[in-house]
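Trainee: Sequence order for the protein chains is X and S.
Take 3 as the starting number for the first sequence in this note's numbering and just add one per residue.
Take 268 as the starting number for the second sequence in this note's numbering and just add one per residue.
No lab work stands behind these hints: they were computed from the structure.
We put the CB at the ideal spot given by N, CA and C, even for glycine.
Honestly, I wouldn't trust all of these hints.
Looking from chain S toward chain X, a few residues come up when the C-beta cut is under 8 angstroms (computed) [said to hold, decoys possible]: (1) 288; (2) 291; (3) 324; (4) 346; (5) 349.
Here is how the chains run, residue by residue.
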Amino acid sequence: MNSIDHRELVVVGHGMVGHRLVQTVRDRDPQGTWRITVLGEEGRPAYDRVALSSYVDGVSAEELTLPATPDPLVRLHLGDAVVEVDRDARLVRTASGRELRYDALVLATGSVPFVPPVAGRELPGCFVYRTLDDLDAITAAARDAMVAERPGRRSAVVVGGGLLGLEAARALRSLGLSPQVVEIAPRLMPVQVDEGGGALLRRLVENEDLAVRCGVSVTGIAEQRGRLVATLSDGIELDADVVVFSAGIRPADTLARAAGLPVGERGGVLVDNRCRTADEHVWAIGEVAALEGRTYGLVAPGYAMAEVVADRLLGGTATMTSAALDMSTQLKMLGVDVASFGDAHATTAGALEVVVNDPVAGSYAKLVVSDDAQTLLGGVLVGDASKYATLRPLVGAVLPADPVAMIAPGGVEIGADALPDTAQICSCNAVTKGAVCDAIGAGAHDVPAIKACTRAGTSCGSCVPVLKKLLAQAGVEQSTALCEHFTHSRAELFEIIAGTGIRTFSEVVEKHGTGRGCDICKPAVASILASLGGGHVHDGEQAALQDTNDHFLANLQRNGTYSVVPRIPGGEITPEGLIVIGEVARDFGLYTKITGGQRIDMFGARVEQLPAIWRRLVDAGFESGHAYGKALRTVKSCVGTTWCRYGQQDSVGLAVALELRYRGLRAPHKFKSGVSGCARECAEARSKDFGIIATEHGWNLYVGGNGGFTPRHAELLASDLDTDELVRVIDRFLMFYIRTADRLQRTAAWIEAMDGGLDHLRAVIVDDSLGICADLEAAMETHVAGYADEWRGVLDDPAKLERFVSFVNAPDAPDPTITFVTERGQPVPVPREPVAVGMPGVRR
Amino acid sequence: MTISISPTVTERDSAPTASPGPRWEAVCRYDRLLPERGVAALLGDVQVALFRTHDGTVHAIGNIDPFSGAAVLSRGIVGDRAGVATVASPVYKQAFDLVTGRCLDDPDVAVPTYPVRVADGLLEVGLP
Ligand code: SRM
Ligand SMILES: Cc1cc2nc3c(=O)[nH]c(=O)nc-3n(C[C@H](O)[C@H](O)[C@H](O)COP(=O)(O)OP(=O)(O)OC[C@H]3O[C@@H](n4cnc5c(N)ncnc54)[C@H](O)[C@@H]3O)c2cc1C
Ligand code: SF4
Ligand code: FES
């Protein structure tokens, strides 16, 4: 029975803002006053357009898709554009012939790229830069250019040197082309940056291998010998395989115009401060809306509009505020930081400008202040935008210090406490300091919790440093202490142990900690000692530090028995090997299973049986698989060129070599790898801590993948490496991880938490920005040279073997509490009520 | 090498003056115990977990982990919480007070404790 009378809300456009509207209405309308139908022209649900460029770096369309939960009150028709709005009948018609009646209609059609009317702009090879489909087309064209048989560089021309043009140029460079940026204005990013900042920006951009031509325009494009030639206003001709137009955007207002709705002078559907058009049933939000005549090309004002309309639809009285129309931007592409905020061009009457220009250090900063030098109005930062996060929220507020001191190198650090409560901390989501502080007061005690309850920090991420400062200021200690015995983080402890040469836990805890340690710090120190080449993990005092798995070199199961996992590098095993495993399992009555890691696990071994089991396995040439250790687990492989008709490289050979190279390497957490022979990715390498995918020319290396609790795809770190280069980068990657990650932090979380993220990681381990790569490689060589099988080490040492007894006074008596039943022909522990506990091993 | 073990005698360990008193059973040599590590002993059908802490003291508690039902407490990591000597269950990591048997993560749960003493280098456990 469906007795509720829904009202019909129709949304045109499923972009970022349309999506936000739908989410907000649904969040605030639990009774289901509105049933929502969304019509989207693009064939996919809303995605993060702000992060569009990350697509060429390997972030997938799925990852860019904005989160939405299935909802019976929301219908999404994708790939079906609205072609007509009939305001009298309150109907929309779509390209496919759908007709939908509405009680309220929201236009969220965004913008279309502006393509200047130059001859030849329709030629194949000319593109715009707005959608994932655009990027697919550009990628395909770039690939065709790369494989075409002719000498010389493959190049691209980008028409427009604004924020988007520079992003497009960087993306083209990632695709292997040499981009030239043509900007009609005398400087790059003319909207955001002033002349001084523009000059520095140009230098920094050119250092990144992008050619820049300012003050000229493209006057025509022609085809010549299968390539394009762009002619510039100064007569110069540029060869190009790809031309991308990025010369601005125009509101996608054709529907509204055809429906007779008033539009602004420069386009855009005219709306009042409630975002309502001249028709009381029709609203417009996002880039298509001309709010009091003006359009906004950023996502934050659009989100604010979505919130206002959602509120209005549910009977509220919200209006747009000027704070929500913040046009601040921060560009963190190309390794060049650029930020502009507030009245960057000092257009306010009487405004004063304070400039600190340091061409040597490559940084330029300008603050715009009121005529009495008391109030901050805006600013521009180029080269070093680290102060953006604290400066931007101060716009409109009284300056806490002398403006020069605030931007001078080594000047005043502005604390988050200087910000007024109304200061907008997160401009993407219009969250004020007051709202963040309220959330902290209500128990949000870390950044993820603040994100969850305020949305601050969930878009571009540039406000996260301020969120951390506010947490600190509220007295919420963001403790990095390992446990009650050490105030240090794992990384600090690593430095202490590596630096001081201390090699026992007793000495570490005596000199640098308190008490006698616990199940958190002892295994952490054991892992650090092992990473530093501490010999056998049971040598000396180390034995007492190990978790039960490492203590018995096997995985503890719920009934007190252990599982046995011999290493099967790359998943490749001989028939003889299979037979030995089968015989051992049969003779000791073990349950066998193929694991998710391409090897075989034998379960149900009692502690006193382990040595005899391993004696047989070691004699047959097997060694420990470290299934129990925070160490390398497996390197999965697919058959690659060995068998597969699509294979590009020998993926099995590489997987075996990598597994043998990194076996036994202890780390802050377990780590896994995979090698796929081609982009079909049968080894699921991109779900691994480091994954390798063969290309025609070599190997692509992806890092930071994770299955498990929080799945994440690995991201491309470096491409087309030869095997030696690949191994060198992985050596550095793993050693850098081992030295700096937190306890139980997988590589995915480690990279996520890293300041500067993947770019920083690449700088450190590919470009050697810290000058530590030689050191990291040497450390790995030490590990490789020092590797020895841990199980053989036990079998050869009577003192170590002595530990493998069931009872100290009855060494061979089986534990009477262990009993089995038979299930599907194999022994399994007696079933028992499941215990309600959290994720094993993730307790901090 | 001779071992003199005075610190192991705690109040709880001294022979009770009152009636029957525990039945002492030797389980192994004291030096078989590694510092800060446990062993299990089978006494009839009772499983006892024995631990030697860093100062040489020996403790005995029940070996069965009440949370998983597995007889594994002897295989946990020995340490301290705010100065209280503990072992952490290797299954779900709850900490148990080595002196009282109390679970520090769940006040409703405790494991039995047993008196221990060292006589002639031999470790003896007292059973009721
Ligand atoms: C045996 C196996 C399941 C199977 O029957 O297939 C398994 C079994 C266990 N997994 Fe796993 N995992 C197994 C493959 C996986 C995979 C798949 C893979 O490796 O391709 C994953 C997801 C991939 C990943 O790690 O990103 C996986 C994600 C986890 C996690 C979650 C990790 C995370 O980052 O969220 C845990 C918990 C932890 O480590 O903290 C875990 C923990 C465990 C533990 C150690 C739980 C425990 O403490 O008892 C289990 C011990 C098994 C044992 O005694 O051998 N296991 N586990 C697989 C052994 C693979 C091997 O050959 O070594
Ligand atoms: C490469 C790039 C980088 C950017 N970087 C930033 C940044 O760093 N910071 C920032 O704030 N902003 C940035 N932006 C701008 C930001 O993406 C936009 O402001 C935001 O996406 C606007 O959202 P919207 O919903 O109004 O429009 P869109 O996201 O464009 O969505 C409009 C949707 O409506 C659909 N549509 C149009 N007409 C119809 C029709 N007739 N029927 C059905 N559907 C229709 C379109 O296909 C589209 O999917 C960037 C944009 C790009 C392209
Ligand atoms: S950890 Fe969970 S998913 Fe993995 S084997 Fe155990 S029960 Fe299965
Ligand atoms: S400012 Fe972009 S996420 Fe907060």
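Trainee: Would you list, in rising numerical order, the hints stated earlier that this structure does not obey?
Mentor: As far as the earlier hints go, 1, 2, 3 are violated by this structure, in ascending order.
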